[in-house]
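Chains E and W: place on chain F using the hints.
Here is how the chains run, residue by residue.
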Amino acid sequence: MSEGFLSSEWLRLILGLLIVLGFSQLNALFLVWLERKVAGHIQLRPGPMEVGPHGLLQTIMDGIKLIGKELILPLQADKKLFFVAPVLVFMPVLVGFLVLPFGPNMVIHEMNVGVLLIFAFSTFTVLAILAGGWASNNKYALLGAVRSVAQNIAYEIPLLLAVMSVVIMVNSLSFSDIVNAQRTVWFIFLQPVAGLIYLISATAETNRAPFDIPEAESELVAGFHTEYSGMGFGLFFLAEYTNMFIVSAVATSLFFGGWNGPFGISLGIPGVFWFLFKTYVLIFVIMWVRWTFPRIRFDQLMNFSWKVMIPVSLANLVVTAIVLKLI
Amino acid sequence: MKVQEIERVILEKLPDTIFKRDETGKTGSSWSAVVAASGIRDAAKAFETSGFFLEDIMALDFQDTFELVYHFNCYEPGSRVVVRVLFGHDQVPPSICDIFRGAGWLEREVHDFFGISFSGNPDLRPLLLPEDADYHPLRKDFGKVSAYRKREDIYG
Amino acid sequence: MAERQIASPASQKIYSLNLGPQHPSTHGVLRILLDLDGEFIVKADPVIGYGHRGHEKMGENRIYKQFLPNTSRMDYLSGMIFNHGFALAVEKLIGIEVPERAKYIRVIASELNRISSHLLWFGTYLMDLGGFTPFLYAFDDREHILDILDSVSGSRLTYSYCRFGGVCRDVDAAFIDMTRAFLKRMAGRWADYDNLVTKNIIFINRTRDVGIIDRELSRQYGVTGPNLRACGIGYDVRKAEPYEVYDRFDFEVPTGSKGDALDRYDVRFKEMQQSCRIIDQALDHLPGGPYLSKVPQKLVPPKGEVYFAFESARGLTAYYLVSDGSTSPYRCHIRVPSFGNLNVLNEVLPETMVADAISILGSIDVVIPEIDR
Numbered sequence: 001m002s003e004g005f006l007s008s009e010w011l012r013l014i015l016g017l018l019i020v021l022g023f024s025q026l027n028a029l030f031l032v033w034l035e036r037k038v039a040g041h042i043q044l045r046p047g048p049m050e051v052g053p054h055g056l057l058q059t060i061m062d063g064i065k066l067i068g069k070e071l072i073l074p075l076q077a078d079k080k081l082f083f084v085a086p087v088l089v090f091m092p093v094l095v096g097f098l099v100l101p102f103g104p105n106m107v108i109h110e111m112n113v114g115v116l117l118i119f120a121f122s123t124f125t126v127l128a129i130l131a132g133g134w135a136s137n138n139k140y141a142l143l144g145a146v147r148s149v150a151q152n153i154a155y156e157i158p159l160l161l162a163v164m165s166v167v168i169m170v171n172s173l174s175f176s177d178i179v180n181a182q183r184t185v186w187f188i189f190l191q192p193v194a195g196l197i198y199l200i201s202a203t204a205e206t207n208r209a210p211f212d213i214p215e216a217e218s219e220l221v222a223g224f225h226t227e228y229s230g231m232g233f234g235l236f237f238l239a240e241y242t243n244m245f246i247v248s249a250v251a252t253s254l255f256f257g258g259w260n261g262p263f264g265i266s267l268g269i270p271g272v273f274w275f276l277f278k279t280y281v282l283i284f285v286i287m288w289v290r291w292t293f294p295r296i297r298f299d300q301l302m303n304f305s306w307k308v309m310i311p312v313s314l315a316n317l318v319v320t321a322i323v324l325k326l327i
Numbered sequence: 001m002k003v004q005e006i007e008r009v010i011l012e013k014l015p016d017t018i019f020k021r022d023e024t025g026k027t028g029s030s031w032s033a034v035v036a037a038s039g040i041r042d043a044a045k046a047f048e049t050s051g052f053f054l055e056d057i058m059a060l061d062f063q064d065t066f067e068l069v070y071h072f073n074c075y076e077p078g079s080r081v082v083v084r085v086l087f088g089h090d091q092v093p094p095s096i097c098d099i100f101r102g103a104g105w106l107e108r109e110v111h112d113f114f115g116i117s118f119s120g121n122p123d124l125r126p127l128l129l130p131e132d133a134d135y136h137p138l139r140k141d142f143g144k145v146s147a148y149r150k151r152e153d154i155y156g
Numbered sequence: 001m002a003e004r005q006i007a008s009p010a011s012q013k014i015y016s017l018n019l020g021p022q023h024p025s026t027h028g029v030l031r032i033l034l035d036l037d038g039e040f041i042v043k044a045d046p047v048i049g050y051g052h053r054g055h056e057k058m059g060e061n062r063i064y065k066q067f068l069p070n071t072s073r074m075d076y077l078s079g080m081i082f083n084h085g086f087a088l089a090v091e092k093l094i095g096i097e098v099p100e101r102a103k104y105i106r107v108i109a110s111e112l113n114r115i116s117s118h119l120l121w122f123g124t125y126l127m128d129l130g131g132f133t134p135f136l137y138a139f140d141d142r143e144h145i146l147d148i149l150d151s152v153s154g155s156r157l158t159y160s161y162c163r164f165g166g167v168c169r170d171v172d173a174a175f176i177d178m179t180r181a182f183l184k185r186m187a188g189r190w191a192d193y194d195n196l197v198t199k200n201i202i203f204i205n206r207t208r209d210v211g212i213i214d215r216e217l218s219r220q221y222g223v224t225g226p227n228l229r230a231c232g233i234g235y236d237v238r239k240a241e242p243y244e245v246y247d248r249f250d251f252e253v254p255t256g257s258k259g260d261a262l263d264r265y266d267v268r269f270k271e272m273q274q275s276c277r278i279i280d281q282a283l284d285h286l287p288g289g290p291y292l293s294k295v296p297q298k299l300v301p302p303k304g305e306v307y308f309a310f311e312s313a314r315g316l317t318a319y320y321l322v323s324d325g326s327t328s329p330y331r332c333h334i335r336v337p338s339f340g341n342l343n344v345l346n347e348v349l350p351e352t353m354v355a356d357a358i359s360i361l362g363s364i365d366v367v368i369p370e371i372d373r
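Residue numbers (this note's numbering), protein chains in the order written: chain F, 1 to 327; chain E, 1 to 156; chain W, 1 to 373.
Worth flagging that the hints you see were computed from the coordinates, not collected in a lab. By construction, the Cβ of each residue, glycine as well, lies at the ideal position given by its N, Cα and C atoms. There's no promise every hint is true.
What the hints assert, rightly or not - List time: in silico DSSO-like cross-link candidates among lysine-lysine, alpha-carbon distance up to 30 angstroms: (1) K57/W - K150/E; (2) K258/W - K307/F; (3) K307/F - K199/W; (4) K307/F - K303/W; (5) K270/W - K184/W; (6) K2/E - K140/E; (7) K20/E - K57/W; (8) K37/F - K199/W; (9) K303/W - K20/E.
Claimed, not checked - With beta-carbon atoms standing in for the labels, derived distance ranges: (10) G78/E - E216/W: 15 to 25 angstroms; (11) D64/E - R180/W: 37 to 47 angstroms; (12) I201/W - E5/E: 40 to 50 angstroms.
Here chain F stands alone, though its shape is the one from the complex (with noise of 0.2 angstroms):
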């Protein structure tokens, strides 16, 4: 740590988490407007125009709606466990922000655990949908619910085994430790394989089409979230979005280079904004993803995930374990 003003452990964390909790709805508003504004464009129309130059206001606007709006409890629900569960998907992945590092010595608290502790942290939100289907005594709900628990759990090992094969280059769990091994080449072209399996498993942890069956309107209604309505609704929605920039910022770290320019020219831009330049390219695929194509049913999801992806993922870690001895 060096001197100064910053150097108080306690102050940096304070800062940190203010930050965190600024951005986090910052670009969780954006998100919404960007979505907006990719599906309107990629259907031939040009999205929200009305409310500020180009919609930009029109998500602020969405939320003070939402605030306004009557919290609708159902009859027979389970009052504690309705109203923690927009809480509780909310809160891990504000954890998520703490331990990546947006720039060099920009990370708001080094921890050499912080692959471990996002990834031990998201899966919290299976919780909190659980919970939130649950309590909702609604058929719909319910099975939406137990259709995304399903998803998550069986989308969760793909994930982590690609995470595994980068982990195991490095020799390391921090992030900041992947980031810099990256000052020359960027993992994506060294663990190609990883990386897809990463992305593909990522869409499906965050509820995203073509897996979004846990939210499939035209199927369940809303999945889920039928029952809830106003700002608990909101805190689901803003949930989502926030997890998508999470998942996107660790795709970004693991595979993409981090705050590393291409091949470690910089061009003079400051580490941050092609962190979250990388970031927000990767958040525009997935939305593009899902504008395009149709839902996949669960069964072909699941047979997917532990048919094909788990043996694939194995296969790379053992290539990539045995690559590692050789060298």
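Leaving out everything else, chains E and W in the frame of chain F:
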């Protein structure tokens, strides 16, 4: 041609059926046969084994009789035939829903609109009317207006 | 198709779920009472009648030309075709001659309507499956058709364009130009749709071997239209009992082989292309002359009946009119194709998954108001 063949089969099973050819082309069918209510099941079985499908079941309410009109068709050009069943207002015709499974819903609709029960149809719940409907709208004495005509007025 | 070890009735844990009547993908007000064992459907019972408006009773209380607007409201997606069929039925009953030009115009309008109905089906089917983008592409194309038909009839969805003896307004050069421009535009669009949807592996996995309606089932339930043609029987009323001037055009009747959802999709897709062919030929041979023949103001048909069958976008549709010699029909019955098409779900849905049920329901293309009448 299937139409001639089925005519022969029906004449075998129900010998006193009268076939009326369609000269004008208005009925969209080759012939129309009047069959007794007791014979409709044999006729339907004959159609089913010959590869016909049940296109429609319709009912007509006259002053002196009810009439059920069955349209059968097969997938060749110009093979539609009509079978008619005449019965009194208090009689109950047999159902053909075990021969043609699609007839179940068609008979439910006829029951809805006319109150004709089909013996042998296990499910005569209202199809288009509300579950608790106890009226039959397409009867000619429904509501305030009685618009009955006799069958021979129309068909001669 | 999902393989399944069929659980014995004793070990099934049944819970009932209502699909509809308010649901994003039931295509009208349809309620299906599902008995589910986990994800699998054990029993399906469609409940209809939420949109029953009494069209058949209305037919008995209106004079013939007052019933023309009713016809469009039954199957509102093939409103022009239903209009056309009713005009033909009454013309047949009375014996009215229709000028040649009117026949060609009615055929062009009906085929445009068929394309717009299939485009809407295409968009909503993909939306049910989760692909939101083709919906907007299809509706963009459909807007062109609606503009064309709007310019000549005054309405976008429920037309009353046909009259007994012809059509109510003549078509002008603008109509012909717009139609030709539309045909040219669509010629380039088929490849786009193919790339976006037909060749998409996710879509193929959602539709292949799903909801197989084979020939025997079709015959039992009176299934007609593209659902029947998907299992290999090439029965199309336009070819089997040609009416208007359909016998003068050269077009094919596409068929499938297995009768699964993918075949039904293929058949409707190719039907759209065949309709474009018919419109092209009709525009080439459009004769001059009058567009409406002289018909007495008070129409009193002779006593008797008429049963006129035609091919709507959903299958074999027929008007059965019984006339007692007065200005209103004694009985006005409409045979609708969606009746049998929905009826068959009683046997197709059990043993499938809920997600498949949505796919099957979308692929059979039912319009509930047509069944409810």
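Next on the checklist: Tell me the hint numbers this structure goes against, listed in increasing order.
Outcome noted: 4, 6, 11
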